[in-house]
Structures are given as structure tokens and as C-alpha cells.
Amino acid sequence: MSEIVKRALEGDELVTSKILTKIEYMTPDGLEYLDELSARAGKAHTIGITGIPGAGKSSLISGLISQYSKRGLKVGVIMIDPSSPISSGSFMGNRIRMQDKTMLKNVFIRSIASRGHLGGVSSEAIMLIEAMDGLGYDKILVETVGAGQTDTEIMSSVHTIIVTSVPGTGDEIQALKAGIMEIGDIYIVNKADLPDANVVYDAIKFSIDSAEWKDWIPKVIKVSALKGLGIEELVNEIETHLEYLRNTGKFEDKVKERRREMIELIIRKWANDKISKVIKENSSLIYEKNELRKTLDALFSKFKNNIC
Amino acid sequence: MEKRIKVVVSKLGLDGHDRGAKVIARALKDAGMEVVYTGLRQTPEQIVKTAIQEDADIIGVSILSGAHLELVPPLVKLMKDKGLNDVGLIVGGVIPPQDIDKLKEMGVDDIFLPGSSLKEIVDKIKRIAYNKRGIKIE
Chain R
1 MSEIVKRALE GDELVTSKIL TKIEYMTPDG LEYLDELSAR AGKAHTIGIT
51 GIPGAGKSSL ISGLISQYSK RGLKVGVIMI DPSSPISSGS FMGNRIRMQD
101 KTMLKNVFIR SIASRGHLGG VSSEAIMLIE AMDGLGYDKI LVETVGAGQT
151 DTEIMSSVHT IIVTSVPGTG DEIQALKAGI MEIGDIYIVN KADLPDANVV
201 YDAIKFSIDS AEWKDWIPKV IKVSALKGLG IEELVNEIET HLEYLRNTGK
251 FEDKVKERRR EMIELIIRKW ANDKISKVIK ENSSLIYEKN ELRKTLDALF
301 SKFKNNIC
Chain W
1 MEKRIKVVVS KLGLDGHDRG AKVIARALKD AGMEVVYTGL RQTPEQIVKT
51 AIQEDADIIG VSILSGAHLE LVPPLVKLMK DKGLNDVGLI VGGVIPPQDI
101 DKLKEMGVDD IFLPGSSLKE IVDKIKRIAY NKRGIKIE
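As they're listed, the protein sequences go chains R and W.
Using the working numbering, read the first sequence as starting at 1 and increasing by one per residue.
Using the working numbering, read the second sequence as starting at 1 and increasing by one per residue.
Hints are computed from structural coordinates only; laboratory data are not their basis.
Since the structure is predicted, the reported quantities are computational estimates derived from the model, not experimental observations.
Cβ coordinates follow ideal geometry from the N, Cα and C atoms, glycine included.
There could be a bad hint or two in this list.
Just some of the chain R residues that point at chain W, by a computed CB distance under 7 Å [said to hold, decoys possible]:
1. L14
2. S17
3. T21
4. G89
5. F91
6. I109
7. T295
Given the sequences, and given the hints that come with them, work out the whole structure.
Dropping the structure here:
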């Protein structure tokens with residue numbers, strides 16, 4: 001084992017952090033560290049928290065950190081915030097909801113920008129999950145970018161998916177729609193102290209009750225992350241889900257799926273960059289011809305040369 | 001991918017005036033940096049721990065309470081103790097002119113007073129990130 005990884009495993013936070021950065025940027029040594037850590041990974045229970053911006057995902061994570069920390073568990077947190085499509089910069093403000101968790105021992109919190117990736121989770125984020133898993137964190141909490149209806153990538157990245165909803169987000173038609181409202185293992189109605197919390201709760205409940213489930217039936221829980229209400233019930237439900245995953249052998253399947261997703265996202269990113277490059281280089285061709293078929297034929301042949 | 005400059009922006013000490021810090025954080029985002037904004041009433045311990053876990057290139061603290069000569073030394077000491085020797089430290093806020101050299105002697109890389117232009121702040125931070133960590137400036 002490399003000296004660096006050894007120091008990280010011994011609990012050196014600065015070294016751990018440097019390793020994560022190298023992995024994030026996929027430097028040659030970073031990838032070697034990831035391989036070393038990956039060989040030790042596969043034990044952590046990974047939990048994804050998704051939902052619209054402002055749903056209370058960070059506050060919810062703050063509550064979960066308290067609970068897990070109290071139980072003596074090592075907690076890793078990865079929080080993704082959007083990168084600017086204009087400047088590529090990012091304003092990451094998730095830590096503000098968990099200020100009192102900064103000094104807790106055995107809690108490692110890392111913010112990461114989405115860097116142009118759509119879908120809620122990025123290849124970098126999954127690489128960090130893999131690394132934290134290898135570093136021996138018991139629970140890894142992953143906060144997606146504030147999600148829209150189609151941001152469902154988290155389903156292939158973690159063991160347990162928590163979809164966070166809030167009062168005022170619509171009726172049962174919204175809850176019945178495809179996408180994010182069908183991927184949750186546990187649904188949260190956060191800010192449940194606000195009026196209309198029951199409307200959203202009933203809508204999600206109806207959506208779940210009206211479907212047929214093979215084994216795991218998704219749960220709905222009312223929570224007020226800020227007031228700490230419902231957090232214990234949530235933690236218990238997460239543990240029940242973990243038990244279900246272990247009993248059915250799905251725990252290991254999810255780890256495999258996550259690794260597949262990581263590789264797929266890395267390659268997609270590479271292909272995306274190629275596509276953007278070809279489009280940019282051939283913009284004159286796109287502007288000149290107003291015939292879709294011919295333009296596409298010309299571009300496809302260029303893609304073939306570039307990608308294959 | 002090329003390394004982006006990562007900055008932790010914090011309000012150090014008991015001081016509720018965070019508008020300036022938010023404006024700076026936003027300007028750094030607009031300049032292509034990745035900013036972790038930690039908010040109000042942070043202790044030196046919290047800021048250093050955050051900078052460690054985030055692997056920040058720069059720590060930016062805003063102080064409008066007048067307690068900069070009390071708050072900055074423990075922050076600088078803790079940064080040294082924890083091995084953050086290659087992390088830039090900038091201070092913004094209401095700092096009397098006679099204190100600027102004192103802060104710089106303590107180890108603050110730059111100080112920005114009210115009226116500093118956002119462009120000047122961005123440019124100086126880029127230079128510090130290059131000098132301390134070799135991050136290329138576009």
C-alpha cells in the first residue's frame with residue numbers, strides 16, 4: 001500500500017483531502033489511489049438525498065449526521081452544487097446548514113461542483129463515494145444537485161434513495177409522474193410543520209399505494225429537519241431498507257451498479273467533450289446548410305472519425 | 001480537467017454582517033472559482049477544519065466587528081499547526097489603515113477594504129493561488 005493511502009487510513013484528514021482532490025481531477029496518482037481504495041471498498045452504506053432546490057436536503061443531512069455520529073459511526077458526506085454554465089464557477093452553500101457538525105470527529109464533509117454534468121450526480125461524485133468507501137466510512141451521505149423531474153442518476157449511484165418533497169409542490173398528478181417520483185426508497189415530506197404538508201403526504205402515499213411492488217414498498221415520512229422532528233423515524237426506516245438490501249443480496253449488486261455508472265459517466269463526459277468540439281469546429285457547416293438531413297450526414301461522418 | 005481555484009469564504013467571529021462576504025463569494029463564482037460559503041459566526045477551528053476537508057486553495061474571511069487583531073492570529077497559528085502552509089489567506093472588512101501592516105506581518109496574504117473593486121480582488125486571489133499552489137491563471 002502506498003504511504004499516502006496508509007496515512008489517510010490512519011485518519012490524517014489533510015492527506016485524505018488531498019487524495020480526494022487528486023481523484024476528483026483524475027490525476028495519474030489519483031487514479032492509483034482510487035484503485036487502492038476501491039480494493040477495500042464495498043462495505044459502506046451509501047445514502048442519496050435528492051429533491052428540488054430548497055427542499056431541505058442539507059438540513060436533512062445535518063440531522064442524519066447527528067444521529068449517525070451519536071451511534072459512533074464514521075460519516076462521509078458528499079454534497080454537489082451546480083457549476084455555472086456561464087463562468088464554470090460555483091457557489092456552494094450547503095455547509096451553512098450543518099455548521100455545528102464541522103467539528104464532529106469521524107465526520108468528513110466535502111463539497112463538489114457539478115462541472116457541467118446534468119442528471120444530479122457526476123462521475124467525480126461517484127469516484128469520491130468509492131474513495132470514502134475504501135477509507136472505511138460506515139455511512140456515506142450524498143446530496144444531489146437540486147433536482148428536477150428527470151434527475152434520476154442517483155438511483156444507480158447509492159444503496160438507499162431518499163426523495164425530499166415539501167408542501168406546495170403539487171397534487172397527486174405530480175406524484176404520479178415518471179422520473180424522480182418513482183425512484184425513492186423513502187420519501188420525505190420535509191417542512192411538515194407548514195400548512196398543506198398532508199396534501200403532499202397523501203399524494204405521495206396514493207402514488208405508492210396505487211402501484212404494484214415486488215418486494216420493497218417505498219415509505220413516506222413527515223419530517224421537519226430544522227426542528228428535528230421525524231429524523232429518528234427516518235433513520236429507522238433507512239436501517240430497515242439496509243436490512244432488506246442485505247437480505248436480498250442487493251447490497252453488493254448496488255456497489256457493482258455504482259462502479260458501472262462511474263465508468264459510464266466518465267466515458268460519457270469524454271464523448272460529450274468530443275461532440276461539443278466537433279459541433280464547434282463545424283459551426284460554419286451548420287449555419288450554411290439549412291437542410292437537416294445533409295447537415296446530420298456530414299456531422300455524423302465527422303463524429304465517426306473523432307469518436308470511433 | 002484543469003484545476004479550478006477553490007475558496008472557502010467565511011465570516012470570522014461574532015459579527016452578523018454577511019452582505020459583503022456574499023458579494024465577494026458571488027464575484028469569485030462569476031470569475032470561475034469554486035466557492036464554499038460557510039456563513040456566519042465561524043471560529044478559527046471551524047474555518048481551518050473546513051479548509052482541510054475541502055482542500056481549499058484560499059481562505060477568505062470577512063470581519064466587520066473590529067476584532068481582527070484578536071481573531072486573525074489564532075486563525076494563522078491554527079493554519080500553520082495543521083499544515084496549511086500553502087493555503088492563501090485574505091481578509092476583507094473594515095480594517096483601520098494602521099492595522100494593515102500588522103495583519104500582513106502575521107501572515108495574511110492580502111487585505112481588502114471597503115471600496116476595493118471586485119476585479120482587483122479576483123485578480124489578486126488568482127495571483128495568490130498561482131504563487132502558493134501553482135494554479136494556472138487563464
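Tested hints:
no., hint, result
1, L14, "holds (5 Å)"
2, S17, "holds (4 Å)"
3, T21, "holds (4 Å)"
4, G89, "holds (4 Å)"
5, F91, "holds (4 Å)"
6, I109, "holds (6 Å)"
7, T295, "violated (30 Å)"
Checked against the numbered hints given earlier, this structure breaks only hint 7.
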